[in-house]
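Enquirer: Each chain, written out:
There are 2 protein chains.
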Amino acid sequence: MNRGRLFLISGPSGSGKDTVLKGVFKKCPEIGFSISSITRPMREGEIEGEKYNFISREKFEDMIKNDELLEHNIYVGNYYGTPKAPVDKCLNEGRDMIVEVDVNGARQIRKKVKDAVSIFIMPPSLLVLKERLSGRGTENEEAVNERITEALREIAVASDYDYIVVNDILEDAVNNVISIIKADRFKTDRQSKLINDVLNN
Amino acid sequence: MNRGRLFLISGPSGSGKDTVLKGVFKKCPEIGFSISSITRPMREGEIEGEKYNFISREKFEDMIKNDELLEHNIYVGNYYGTPKAPVDKCLNEGRDMIVEVDVNGARQIRKKVKDAVSIFIMPPSLLVLKERLSGRGTENEEAVNERITEALREIAVASDYDYIVVNDILEDAVNNVISIIKADRFKTDRQSKLINDVLNN
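From first to last, the protein sequence lines stand for chains A and B. Under this note's numbering, think of the first position of the first sequence as 1, with each following residue one higher. Under this note's numbering, think of the first position of the second sequence as 1001, with each following residue one higher.
These are calculated hints, taken from the structure and not from any lab test. It is possible that some hints are incorrect.
Said to hold, decoys possible - Covered stretches of chain A (chain B as the covering partner; in silico rule of three or more C-beta atoms under 8 Å from a C-beta of chain B):
{"hint": "1", "stretch": "80–89"}
{"hint": "2", "stretch": "119–128"}
{"hint": "3", "stretch": "183–191"}
Note that CB positions come from ideal geometry on N, CA and C, so glycine has one too.
With these hints in hand, go ahead and build the complete structure from the sequences.
Expert: Right under this line is the structure:
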């Protein structure tokens, strides 16, 4: 069996990345999704093992020491990381895997997984990005401005990604990400045994 | 405007490559198709400018001399080649272009057009390939065997291509080639101005 592909998907706050990914997984339930390990306390409404595994600081530092993470970051004093084992398991089963990760995490994983394919989800314009971030209405102006600054910093390195998909019309963005994932399955490096199989049948 | 992409599509006799391409152009009429220049006499049913431009030997040799061809071959004493100018025109208009070419031509073009994307259309098995080639019933056994030998020679270098698409069920093969072409439009190298456009709007 051919190994699956690791897809790194990033996008700034306001790109609608989470909604795009929801659409991708709904249409392609065969794709694996990496659950991050984090050390911050669980928030209301969060479920252990849904999007995050909530683990202790000690456990996390052990994982760092034992090289059990594909990438990790510290954010507001808490660790966030992508454990290696579930990714390997999924890829070894021949299934594609999506890791949702920020630009810093993507940079770390690219160095370790040379054949990872990275996709940047882009807002259609700065104007729309600002609207989306202010529109949430849950944060004060300062917090919104911080998010915008951070988004601009992420957009500035979008060209490090293999693909850029603009999320203007959600359905198009979902289909475009799926077309990238599906097309990848025909790449020659994933079909190493195909030529022999054809010749021997 | 971003430049279009050049797609090189090869496949041995019996791969059904022509039928696959017909399906691709029907569904994606925006894609350009390169018309080969050839020096063999026109056959019954052929139309000048449909699949080939029939030109004189002298004209062809001038094109070689003036470096006006992306690739050329001699086959049974006649020249076959892909003129550069129409390919450049199509790509400069931002349209994708398909060049149907044998493995030898693909090798020549890859050297000149570094960012060309190549797709190999593969029969599902040697058995099916043999059936398809014998099934035509228009050729004697010797001619069929020659075609099989040539097909095997082409399949042996399929791994030089970026993608391999098996043509078992025609509709799937058509859709899979289209997904490769569509996904390619989101590659970062084709969206050089996107980041600035987003930031300035």
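Enquirer: Confirm or reject each hint.
Expert: Here is what the structure says about each hint:
no.	hint	verdict
1	80–89	violated (count 0)
2	119–128	holds (count 8)
3	183–191	holds (count 6)
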